[in-house]
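Asker: So the chains spell out like this:
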Amino acid sequence: MSAIATPARQTASRQNSGGLSTKTINRIVIYGLLALFALFYLMPLFVMLVTSFKTMDEIQNGNMLALPKAPTFDPWLKAWGETCVGLTCAGIKGYFWNSIKMVVPAVLISTMLGALNGYVLTKWRFRGATLVFGLMLFACFIPFQSVLLPMATILGSLGRFGVSLQNSVGTSFGLGNPTVNLVFVHVVYGIGFTTLFFRNYYEAFPNELIKAAQVDGASFFQIFRRIMLPNSMPIFVVTVIYQFTNIWNDFLFASAYAGTGDAMPMTVALNNVVNTSTGVVEYNVNMAAAMIAALPTLIVYVVAGRYFVRGLMAGAVKG
Amino acid sequence: MSTVATTQIKLTPERSRPTVRARLQDALPKIVLAPSFAITIVFVYGFILWTIYLSFTNSKTFPSYVITGSRAYQRLWGWTFDTDPPSSWYTSITNMGIFGFLYILICLALGLFLAILLDQKIRGEGVLRPIYLYPMALSFIVTGVAWKWFLDPGLGLEQTLHQWGWTSFHFDWIKNKDFVIYTVVIAGVWQASGFIMAMFLAGLRGIDGEIMKAAQIDGATTFQLYRRIVIPLLRPIFLSAFIVLAHLAIKSYDLVVALTSGGPGGSAWLPSNFMYEYTFKRNEMAVGSASAVIMLMTIVAIIVPYLYSELREKPR
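So the sequences go chain by chain: A and B.
Read left to right, the first sequence gives residues 32 to 350 (our numbering).
Read left to right, the second sequence gives residues 4 to 319 (our numbering).
Honestly, the hints are just simulated from the structure, not real lab data.
With a straight-line cut-off of 27 Å between C-alpha atoms, the simulated BS3-like cross-links for lysine-lysine are:
#, chain 1, residue 1, chain 2, residue 2
1, B, Lys254, A, Lys132
2, B, Lys254, B, Lys180
3, B, Lys63, B, Lys254
4, B, Lys284, B, Lys178
5, B, Lys284, B, Lys180
6, B, Lys33, A, Lys242
7, B, Lys284, B, Lys254
8, A, Lys54, B, Lys124
9, B, Lys216, B, Lys124
10, B, Lys178, B, Lys254
11, B, Lys284, B, Lys63
12, B, Lys216, A, Lys54
Footprint (simulated), chain A over chain B, 3 or more residues, beta carbon under 8 Å:
#, stretch
13, 25–36
14, 117–123
15, 150–164
16, 255–265
Calculated Cβ distances over 12 Å to all of chain A for the following chain B residues:
#, residue
17, Trp80
18, Ile234
19, Leu236
Ideal placement from N, C-alpha and C gives every residue a C-beta, glycine not left out.
With the hints as extra help, turn the sequences into a complete structure.
Answerer: In structure tokens, the structure reads:
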């Protein structure tokens, strides 16, 4: 092998003395390819962004890649406040808030539960802990199609129960409210991942500290609050970002349990805006709506990309 | 390990009679974990059993609990391309095969390629890496909307190239029932390949520099170095990446909806779309449930051996 390789290296060094060395050519090729792929990844976002600032006239007659000649913010305003989602024409702002109202509680509850579960599974091990964890972990990977219909049935009966409560007691306690339903669904199918994150993080946390605290008479919750929580900041950030991105971007649950009416989350509303077939299709408004739907997760990515990647990795590489 | 510690603590103050309080303290960890575990058992495993049960009934618009045997499965598999109308299920699984194979292969190849390029001590890596990775932060719906626009023959790429003078350029895959699934591959690869790149890059950074140096001293060319030494060392990453991609591919639903609205005549459907349509729109709950069960079995076949080995590897 080395016998074959050596002449190649000699040629390389011989060429070095000449004008353009192989090394320089290599570097040019590498940078060229990297730049080309950067274009590939940036292109759709670029097109979406410039289109959202163009007038319809310019879209129909101009070039997709051209910068807007007379940038206008109107498509964004229209997408936010006027565009039609199905039959209601009040923009996507209501649906944006729906998503916020769904995401915030779902992320907080699932993260808190995950932290507690991870704490129990690593620091208060009991017989069968690995099995419990294994069962919860597998739940992360099931295709949600296999639970979609039973969940719809249960949510339907809870909704009917809520109506009868409303009639008899005067409040439904949130039963049957699509946003509450979605929070519940996302918590149920999110705790597997949050537990995984915290378990792996707490696994490396020194047991001696816990034992010392126990000897000092600290209780289960005191140890969690005083020792674990203050040292969990990084994993909290990772988990919150991961859950936020997943739940904000979810479409399957959203369309199955809140697919129509005023409670639609952002992703469903966006899909409806784009596929509304009545009248002239306003591409600039569609693109602005898509940008609005993408912005929260994009901002999180730009601000805390490192943690975002760590979350993805933790979801992919277990141990 | 920690169980021992708990008993010791309990013994010191209350040796004579374990009060209710002490016993409660002792059971507290399990009480805290119990709700999550119960939720998982009921809403994951219970619901899976429920779906399996439904797939053996004659449920149509509403769930029915009369067992009618494997009728739904027979309908699913006995209904082929030759029947009229041709089978949507066969279309879905054929698409799954095409999409799954190309999506996984291209993501792995492109991810590895980009990771190797980025690992050549590149200036500006800090700028390029986030650019490759950001699509992963987007919703499939946004990705679908963006690519739908980009691939539209009248507005997107084709139109642009026509304006630039390449008038013979023709690209209408997104409207063509035989090719629409390949546009889903393009958009899917665009979204996930950057993440696979990040996984490989992390793997490459973890390789001991000494091994590389030793190989170079032995006179290995760069190509040989990667083919013989680096890529075999990355085997665990290949496995993880494969699992991630297979899992994403089988779950893909949103992308097909947003990018193609199902394609002409449902030609872009994946099993997930089939399940949704049959369960919620075509009033064939039993058939929809049967397809969900088949999807689940596929995932189980891939994930369970993987999880088992992952949880086994580190006995404590």
